[in-house]
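**Student:** Chains A and P, in that order, are what the protein sequence lines are. The working numbering numbers the first residue of the first sequence as 3 and each following residue consecutively. The working numbering numbers the first residue of the second sequence as 7 and each following residue consecutively.
It should be emphasised that the hints constitute simulated quantities derived from the structure, not laboratory data. Even for Gly, the Cβ is constructed at its ideal location relative to N, Cα and C. Check each hint, because a few of them may be wrong.
Stated by the list, open to error - Capping the alpha-carbon separation at 25 Å, the derived lysine to aspartate or glutamate pairs in DMTMM-like fashion look like this:
1) P:Lys-83 x A:Glu-449
2) A:Lys-26 x P:Asp-80
3) P:Lys-30 x A:Asp-567
4) P:Lys-83 x A:Asp-618
5) P:Lys-67 x A:Glu-342
6) A:Lys-602 x A:Glu-546
7) P:Lys-83 x A:Glu-22
8) A:Lys-26 x P:Asp-41
9) P:Lys-30 x A:Asp-618
10) P:Lys-66 x A:Asp-618
11) P:Lys-67 x A:Glu-214
12) P:Lys-83 x A:Asp-450
To be verified - Label pairs and their calculated CB-CB ranges:
13) P:Ala-40 x A:Glu-101: 46 to 52 Å
14) P:Lys-54 x A:Glu-103: 40 to 46 Å
15) P:Asp-80 x A:Asp-396: 38 to 44 Å
16) A:Val-142 x P:Ala-40: 55 to 61 Å
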Amino acid sequence: MKKMKLVMVGNGMAGVRTLEELLKLTPDLYDITVFGAEPYPNYNRIMLSPVLAGEQGIQDIILNDIDWYKQNNITLHLNKKVVRINRKSKVVVAEDGREAEYDRLLLATGSSSFILPVPGKELAGVVGYRDIQDTNAMIVAAEKYKHAVVIGGGLLGLEAANGLALRGMDVTVVHLMPWLMERQLDDNSAQMLQSALEAKGLKFMLEQQTQELVDDGHGRVKSIRFKDGSEIPADLVVMAVGIRPNVALAESAGVYCNRGIVVSDTMQTYDPSIYAVGECVSHRGIAYGLVAPLFDMAKVCANHLARMGIAYYQGSVTSTKLKVTGVDLFSAGNFTGGKETNEIVMHDVTSGRYKKLVLNNNTLIGAVMYGDTKDSSWYFQMIRDGKNVAEIRDQLIFGQSHLGNAGSQGQNLAATMTNAMEVCGCNGVCKGTIVKAIKEKGLFTLEDVRKHTKASASCGSCTGLVEQILASTVGGAYAPPATTVKPLCDCTSHSHEEVRKAIREEKLISILQTMIFLNWNTTNGCAKCRPALNFYLLCAWPHEAKDDPQSRFINERANANIQKDGTFSVVPRMYGGITTPQQLRRIADVAEKYNIPTVKVTGGQRIDLLGVKKTDLPKVWADLDMPSGYAYGKALRTVKTCVGSEWCRFGVQDSTQMGIDIERAFDHMWMPHKFKVAVSGCPRNCAESGIKDVGIIGVESGWEIYVAGNGGIKTVVAQFLVKVKTHDEVMEYTGAFAQLYREEAHYLDRTVHYVERVGLDHVKKHVVENAANRKALYARLLYALQGATNPWSKENINAREFESLEI
Amino acid sequence: MNTWHEVTTLEEIPPLGARVVTTKQGDIALFRTADGEVFALLDRCPHKGGHLSQGIVFGKKVACPLHSWNICLDDGKAVAPDVGCTRSYPVKVENNVVYLSLA
Chain A
3 MKKMKLVMVG NGMAGVRTLE ELLKLTPDLY DITVFGAEPY PNYNRIMLSP VLAGEQGIQD
63 IILNDIDWYK QNNITLHLNK KVVRINRKSK VVVAEDGREA EYDRLLLATG SSSFILPVPG
123 KELAGVVGYR DIQDTNAMIV AAEKYKHAVV IGGGLLGLEA ANGLALRGMD VTVVHLMPWL
183 MERQLDDNSA QMLQSALEAK GLKFMLEQQT QELVDDGHGR VKSIRFKDGS EIPADLVVMA
243 VGIRPNVALA ESAGVYCNRG IVVSDTMQTY DPSIYAVGEC VSHRGIAYGL VAPLFDMAKV
303 CANHLARMGI AYYQGSVTST KLKVTGVDLF SAGNFTGGKE TNEIVMHDVT SGRYKKLVLN
363 NNTLIGAVMY GDTKDSSWYF QMIRDGKNVA EIRDQLIFGQ SHLGNAGSQG QNLAATMTNA
423 MEVCGCNGVC KGTIVKAIKE KGLFTLEDVR KHTKASASCG SCTGLVEQIL ASTVGGAYAP
483 PATTVKPLCD CTSHSHEEVR KAIREEKLIS ILQTMIFLNW NTTNGCAKCR PALNFYLLCA
543 WPHEAKDDPQ SRFINERANA NIQKDGTFSV VPRMYGGITT PQQLRRIADV AEKYNIPTVK
603 VTGGQRIDLL GVKKTDLPKV WADLDMPSGY AYGKALRTVK TCVGSEWCRF GVQDSTQMGI
663 DIERAFDHMW MPHKFKVAVS GCPRNCAESG IKDVGIIGVE SGWEIYVAGN GGIKTVVAQF
723 LVKVKTHDEV MEYTGAFAQL YREEAHYLDR TVHYVERVGL DHVKKHVVEN AANRKALYAR
783 LLYALQGATN PWSKENINAR EFESLEI
Chain P
7 MNTWHEVTTL EEIPPLGARV VTTKQGDIAL FRTADGEVFA LLDRCPHKGG HLSQGIVFGK
67 KVACPLHSWN ICLDDGKAVA PDVGCTRSYP VKVENNVVYL SLA
C-alpha cells in the first residue's frame, strides 16, 4: 500500500515532539517531510539562556541531530521557509520554489519576538530573543560593545539580561511597570528578586516608556530615549516584551486564525487535513509559550495523526519559574487576591525567603514563593485540584515537608546546594549529576530526570529538591507533573479511578479482559500496571476474579522477601508479638538445619530469617509450622502491641489481646500497599500507634483510633479518627477503614498518601458518620477474607515456582 | 555448530514467567512470553546482578526484581536510558521440547 504523506512546516520543539510521539505509535504510516526555516535541526530553545551565558555551546542543545531524521526516514529541508500552502491541490511551496505534496499537513511555525513600534526599531544592534540567530547576535555584540539595554522585565528579558551581564556587558533592564515580572510576581517578591539581580550587577529602570532608539549616524543604535526625555547609552537593544504567534502562512492560505492558528481539542484546524501544534496555535482562546503544554499538545496531535482518535487536549494550568542561577522563585494561580480572598504570608528578608498563599474561603487559589520553592508542586497541585485545605490551614504555609524527611541532609534550598552535595540519598545522586543530565540530555520533566539519573526514583523524599533543580535549570519551561488525570502507566491513558470504575461497573474479572475493554496499548501490560490490575480485580470481585501469580512481584509469588543476593527472608507470624518457647525452639532448629546466616528481631516484634535459598523455602515453611507473616506483601503486616493491662501497672486496656484479635481477623488481607497496625494499652503509647496506618490507643473509657500515620520515608503523625467504647467497635471501625482504603486508594499509595488525597473528612463521612456504610464496608472485607488460608501451607504451594532445572 | 541440550517442555515454563536452569556456566533464566516464544539469558541483571528469572515478564522484556531495570529478552540489552547488557543464549522449541545451547 502506498504510504500517506505528512508534511511539517516548522522544525521546533513542539513539532518534532509530535513526530516522535507519532513514530512511537505508528512508525510506518507516513512518508514524512519537514521544512525548517533555520539552518539547525531541532534544538532546545529553553537552553538558549545558558548558551548566551556561555555555559553551553550550540551543539550541546541540539535535541535531534541530522542522523535522527535519517534514521526515521524523514526528508529534512533546512533553511527553507515555506511561503505558500495550496489547500486545493494539497501542496506546500518553499521560498526557493521547492514543493511538497501532503495528505496531512502539520503547522508548527512557532512564534516571534514582538518588536516595539518605535522609531529606530530597524537599526543594527536591535534584536529580539527567540532563536540561535538572535543569541549569536547578542554574543557577538557582547565582544565588541559595552552598553546593553533589555526592554522588558519579564521572564525572558531577565534571562537575557543575566546572560549579557555574564558576558561582561553593562546591562540595564527597562520595564514599563512598577515592578519586575508583574504577571508572575507580587511587589514583595519582585523587590527581593530585583535586589538579588542588582547584587549580580544588573541595573533597573522601572516605569519607563521607550520613545525612540537613536542612530549613531552609521545605522547602528547608540542610545535609548524615554518618554520623560532622559537618555542612556545602548550599543545593543534586546526587545523582550512578548511573543507573537507566527500565523502569516496559515492566514494567507485561508486557515482561520485569531491571535494564533485556531485549533480544536484534537489539534485540528478549520481545514481537516491540517493540524497545528506549539506556540503558533490558539486553543480555546489561549496561546501557550511554555514547553509543558506544547508537549501535551504534541501527544494529542500524534494520537490523531496515527488515526487512533482517542486523545483530547483540554488546556493546561501553567506556573512560572525563573532560571537565573541562585534565584528560586515560583508563582501560580491568582496570587494578587481580591475582596473575597485572604492571605497567609511568611516574609524573612534576611534569609531571603518569601511565601504568600492566597485563599478563597478554604481553597488555595494562588501562591508566590521566593527563595524556598521546595513545596511549589504541592501548592500547585492543590490550586489545580481546588482542594479544601481547612484541616491543614494552620500548617499550610510551612509546606508539606516540614516534618522529618530523611535522606538529603535536611536541605530544602536547592539553589544553595553545591554541585557535589548529595540530593538523592537512596541512589547517591548529587546535584551536579542532575544538572548535567538535564542540560546534556534535554530533560524537561521529573519523570525524565528519574529515568536518566535515578534521583527521586526510589523513596521519593527528595522529589521537592529535584523539582527545584529541574525548575532552576529549565526555568519557565518547567511545569510540575500533571496530577489531575495521571494515567495508571504508559500502557494506557486511563487513570487509576477510571480503571477501577470499569472493573466494578463492567464486571471485568481478568487482567486480559480489562486490558481489552480499556484499549490497553500493549498486549500484556508492564511491571507497573499488571500488579495494580491484579489487586484491583481481586478487591472488586473477591472469589470471582482469579489471582494471577505472574502479575505479582516476586515477593508475593514466592511468599518471601527477595534480598540483594537473590536469597529470601522468612518472617513467620507471631500474632500480637506473642511467641512461645516451642516456636522459638523450632525457629532455632530451622535456622541451624538450613544454615540460615542471619536471624534478626524485626521492628514489628517478630523474627526474620535472612538468607534462605529459594529452593529451601517450602521445606523451611514446613519445618517451622507457623503461618506466613506477609512481611513481603502489600498486605496486613504486623500488629504491634504493648503488654497492656495484663501486666503493666499503667495499662488500662488489654492491648495485647486486641492486637492478636485484629491480626487474626485481618490476616491474608491484600492491600494497595503494606498496612501496619499498632495497639497501645494506655496513652503512654509504647506500641508507637502514632506512626501506623491504624494506631489504636487504649484509654480508661475505651479506645481511640488514629489513621494514616507513617514512620517511613516521611514521618507523619496519624490523625484522630474516632473514639469508641468496645472491642467489637474497634474491629468494625478498623476493618471499615481498611476496606475503604482497599477500594479507593491507588495501588502503591500508603494510607498517608491516600488520606492526603481524599481528605480525612471523606474518611470520617464513610467510616464514622454513616453507620450503615461502615457496616457494609466491614461486611465486604469479611466476605473477601472468607476461606483465605496460609500461603505457606502445603496445598497452597506451587512447587514449580521453587524448583530449578538442570543440564 | 550449536550443541543443543534438552532442558524441559514448554508447559513447564509458565506463560509470562520463567524457570532457572543451573549449568556449569552459572544460572540461566528461561523466559516464556505470552505468545509461547522462549528466550534464555544469564540470570544476572547488568545493573547489580539481580536474578532476572524472578522478574515480571511483559512483551519481550523482563523487569529486574531488584531495581526495576527493564531487560530485552531477545538480546539481553537494558532498555534506555539504562545502559548495560547481559549474555543471551540460543534456545529453540521443537515439538514442545525446549533446547538450550551454551555456545
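**Student:** Run every hint past the structure and note whether it holds.
**Tutor:** Verification of the supplied hints:
1. P:Lys-83 x A:Glu-449: Holds, because 22 Å separates the two Cα atoms, which is no more than 25 Å.
2. A:Lys-26 x P:Asp-80: holds (20 Å)
3. P:Lys-30 x A:Asp-567: holds (19 Å)
4. P:Lys-83 x A:Asp-618: Distance of about 31 Å is beyond 25 Å: violated.
5. P:Lys-67 x A:Glu-342: violated (56 Å)
6. A:Lys-602 x A:Glu-546: violated (39 Å)
7. P:Lys-83 x A:Glu-22: holds (22 Å)
8. A:Lys-26 x P:Asp-41: holds (22 Å)
9. P:Lys-30 x A:Asp-618: holds (21 Å)
10. P:Lys-66 x A:Asp-618: violated (30 Å)
11. P:Lys-67 x A:Glu-214: violated (64 Å)
12. P:Lys-83 x A:Asp-450: Holds, because 20 Å separates the two Cα atoms, which is no more than 25 Å.
13. P:Ala-40 x A:Glu-101: 46 to 52 Å: Holds, since Ala-40 of chain P and Glu-101 of chain A (Cβ atoms, about 47 Å apart) stay within the stated range.
14. P:Lys-54 x A:Glu-103: 40 to 46 Å: violated (53 Å)
15. P:Asp-80 x A:Asp-396: 38 to 44 Å: Roughly 57 Å apart at Cβ, these two residues miss the hinted range, so it is violated.
16. A:Val-142 x P:Ala-40: 55 to 61 Å: holds (60 Å)
Consistency note: the structure conflicts with the earlier hints numbered 4, 5, 6, 10, 11, 14, 15.
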